[in-house]
Amino acid sequence: MGKINNQQVIQSLTSKFGDRITVPTEPFGLLTFGTSADNILDVLRFLKEDGELKFNYLTDITAIHFPELELSIGVIYHIHSLTNNIRVRVKVFIDGNDPRIPTATSLWEGANWMERETYDFFGVNFEGHPNLVRILNVDEMTVFPMRREYPLEDPNRVDKKDYFFGR
Amino acid sequence: MINHPVLSDNDPQKETITLNLGPTHPATHGVFQNILEMDGERIVSGVSTIGYIHRAFEKIAEHRPFYQITPLTDRMNYCSSPINNMGWHMTVEKLLNIKTPKRVDYLRVIVMELARISDHLICNGILGVDTGAFSGFLYLMEEREHIYEIYEEICGARLTTNIGRIGGFERDFNDIAFAKIKKFLVKFPPILKEFETLFNRNRIFIERTSGVAAVDPEVALNYSWSGPILRATGVDYDVRVNEPYSSYEDFDFDIPVGTTGDVYDRYIVRNEEMWQSLRIIQQALDKIEKEPKGVFHADVPEFYLPPKEEVYNNMEALIYHFKIVMGEIDTPKTEVYHAVEGGNGELGFYLVNDGGRSPYRLHFRRPSFINYQMYAPMSAGMLLSDAIINMSSLNVIAGELDA
Amino acid sequence: MSEVKIVEAPPGIEGSGFFATSMDKVVGLARSHSLWPLPFATSCCGIEFMATMGSHYDFARFGSERPSFSPRQADLLMVMGTIAKKMGPVLKQVYLQMAEPRWVIAVGACASSGGIFDTYSVMQGIDEIIPVDVYVPGCPPRPEAIIDGFNKIQELVKNESLRRRESPEYKELLSRYGIQ
Numbered sequence: 001m002g003k004i005n006n007q008q009v010i011q012s013l014t015s016k017f018g019d020r021i022t023v024p025t026e027p028f029g030l031l032t033f034g035t036s037a038d039n040i041l042d043v044l045r046f047l048k049e050d051g052e053l054k055f056n057y058l059t060d061i062t063a064i065h066f067p068e069l070e071l072s073i074g075v076i077y078h079i080h081s082l083t084n085n086i087r088v089r090v091k092v093f094i095d096g097n098d099p100r101i102p103t104a105t106s107l108w109e110g111a112n113w114m115e116r117e118t119y120d121f122f123g124v125n126f127e128g129h130p131n132l133v134r135i136l137n138v139d140e141m142t143v144f145p146m147r148r149e150y151p152l153e154d155p156n157r158v159d160k161k162d163y164f165f166g167r
Numbered sequence: 001m002i003n004h005p006v007l008s009d010n011d012p013q014k015e016t017i018t019l020n021l022g023p024t025h026p027a028t029h030g031v032f033q034n035i036l037e038m039d040g041e042r043i044v045s046g047v048s049t050i051g052y053i054h055r056a057f058e059k060i061a062e063h064r065p066f067y068q069i070t071p072l073t074d075r076m077n078y079c080s081s082p083i084n085n086m087g088w089h090m091t092v093e094k095l096l097n098i099k100t101p102k103r104v105d106y107l108r109v110i111v112m113e114l115a116r117i118s119d120h121l122i123c124n125g126i127l128g129v130d131t132g133a134f135s136g137f138l139y140l141m142e143e144r145e146h147i148y149e150i151y152e153e154i155c156g157a158r159l160t161t162n163i164g165r166i167g168g169f170e171r172d173f174n175d176i177a178f179a180k181i182k183k184f185l186v187k188f189p190p191i192l193k194e195f196e197t198l199f200n201r202n203r204i205f206i207e208r209t210s211g212v213a214a215v216d217p218e219v220a221l222n223y224s225w226s227g228p229i230l231r232a233t234g235v236d237y238d239v240r241v242n243e244p245y246s247s248y249e250d251f252d253f254d255i256p257v258g259t260t261g262d263v264y265d266r267y268i269v270r271n272e273e274m275w276q277s278l279r280i281i282q283q284a285l286d287k288i289e290k291e292p293k294g295v296f297h298a299d300v301p302e303f304y305l306p307p308k309e310e311v312y313n314n315m316e317a318l319i320y321h322f323k324i325v326m327g328e329i330d331t332p333k334t335e336v337y338h339a340v341e342g343g344n345g346e347l348g349f350y351l352v353n354d355g356g357r358s359p360y361r362l363h364f365r366r367p368s369f370i371n372y373q374m375y376a377p378m379s380a381g382m383l384l385s386d387a388i389i390n391m392s393s394l395n396v397i398a399g400e401l402d403a
Numbered sequence: 001m002s003e004v005k006i007v008e009a010p011p012g013i014e015g016s017g018f019f020a021t022s023m024d025k026v027v028g029l030a031r032s033h034s035l036w037p038l039p040f041a042t043s044c045c046g047i048e049f050m051a052t053m054g055s056h057y058d059f060a061r062f063g064s065e066r067p068s069f070s071p072r073q074a075d076l077l078m079v080m081g082t083i084a085k086k087m088g089p090v091l092k093q094v095y096l097q098m099a100e101p102r103w104v105i106a107v108g109a110c111a112s113s114g115g116i117f118d119t120y121s122v123m124q125g126i127d128e129i130i131p132v133d134v135y136v137p138g139c140p141p142r143p144e145a146i147i148d149g150f151n152k153i154q155e156l157v158k159n160e161s162l163r164r165r166e167s168p169e170y171k172e173l174l175s176r177y178g179i180q
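Sequence order for the protein chains is A, B and C. All residue numbers for the first sequence refer to UniProt numbering, where the first residue is 1 and numbers rise by one. All residue numbers for the second sequence refer to UniProt numbering, where the first residue is 1 and numbers rise by one. All residue numbers for the third sequence refer to UniProt numbering, where the first residue is 1 and numbers rise by one.
Don't read these hints as lab results, they were simulated from the structure. Keep in mind that a hint or two might mislead.
What the hints assert, rightly or not - Covered stretches of chain B, going by a simulated chain A footprint (3 or more residues, C-beta under 8 Å):
(1) 33-41
(2) 52-63
(3) 334-342
Beta carbons: idealized from backbone N, C-alpha and C, even for Gly.
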């Protein structure tokens, strides 16, 4: 059903961006490549506005935390071309101590809450976002709970003594 | 109206009032808070606050083995939990390169389409309640009970079903289950027909819903809408067709689309989808007849728990049981995105695996969350009562919204 | 026509033209069969409550024909579903807005103990912030279980002393939750 395939997407991306994007891989047929925070907006805009590719649908924005890496936070975009029925995944790895990346809200209104959620969980600062505040957690929260170092359970609990659990 | 200036609370010229709608307001059917600036009956602007039942699914999922994540997916969109369960199982199967037998696919299709019906029943029933017709809700809840009875026959649970396992089902559908499904296919259409007779051409209902919250397809796509509400705007995007999973390509069904994207169109699209789901279930039943009997899971002993009696009596089964439970089986270090058509839209699972027994990172693309963000902007200029029925026709499920 | 059932009169002294019993029992009887519940439904259990309210299980049989969505007119707070920490203050405020006598039923594992969500964001049982009378287990409980929990509340209401809400024990219970 798809009118273009991954190879054509790779071709037009490399001819446009050259070495500003990393070598694409295709885990389970989903074209995946990385780029840098400086280039991400250009890449997304190109994907969205190119007359042939038409990646007009932002499926998802999320992040991932690899504490052991130098650039420890990865922001991951899933973009879908509804007309061509093909998806791409774009990854941007940024510094975990000062995670900053330009916002995609200028391209898709729908990026607004996805970026707020990512900020809430990982502390990624989407620069230029109209209203980057916490969305799911309470406003008073000081940590970014989805980072690996934070525990799942509430550390302030008093009713859960270790000896009840044989620890 | 949209250009009405919003003055600060202290401004003596402020003529709007601030109305706090929610988070426990009965008309919101869940825990959504909207702080609305009202000019009389008309909304000037709104701010949505969500997160009132944030339960940290993604964080819990990082601590659970693959097969224990279904209880979490259950509680995301609890109106159609089997779709979430199956979606998760299919994600893991994609990761592990498990090929399920056709019969399993068809059984899954039956359960998923039943779940879609029950999801749409809730939504359209509640839409009726909000427009002032309680009786439709009572008719439809009765039918939901019948779907629950089918679930009970298959897996023992009603709402949060935890249905299925990685590779297939925990047990085969018994004869009673098939009989109940067949009975449902006979009993349900007249009820749905009656419901449509009550609403479709009902003057009051049309006046209340037609033209309310109409959305252009460009705007809907810009806000990443998916599911019935996107199709009501006229975009024929359905994951079941675009990226068929679970052998949906074998089925013959239509994708209903609307034209204006208003509340009435969404209602019609949902109703029509129920008819299509019935068609799919009928086809699946016919197809199952032709498949070998008794096949209800893929032959993947590394990932599918053996039956308990074999664990006690069979060395091989015991080893596999041990390996699965202790997580000693290597899984590929890669990432996978799998999407299914949930009750509310594209339900995506983005799984990053580091080779262990539990996901390194699991992100749910939750349609309710993404659909709901347009609610406050689109409410501007609307009457308050229209905003209420707009919310019920978006069918935002709090559990899915807040993760 | 179905036979109309009438509850048994409380034990008392009966004679020709009069019936004497204690005030407690009469009030308890009346209250227990006209409890107005406030469904504080947040998540999955709320859907099961909808099934309970619906035509199949017909919750109204037990005298709760009118789910009261305003806390001011409600007697029974039915907390159904996960209460996150963000929701906690809202729940407490709803409880405070209810008039005495008020009862609370925690429906489902989440409301009772946090359920499977032992996380940073979920309150581990609503009894951390408000006193609870009856807990209904299940994730989610079946409608039958919700009805059973409701019947337990009815028993409590029926047998409650009129002066219980004035008693020092009750005041101490409330003060433990910081409620005056």
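Q | Violating hint indices (sorted, rising) | A | Violated: hint 1 alone.
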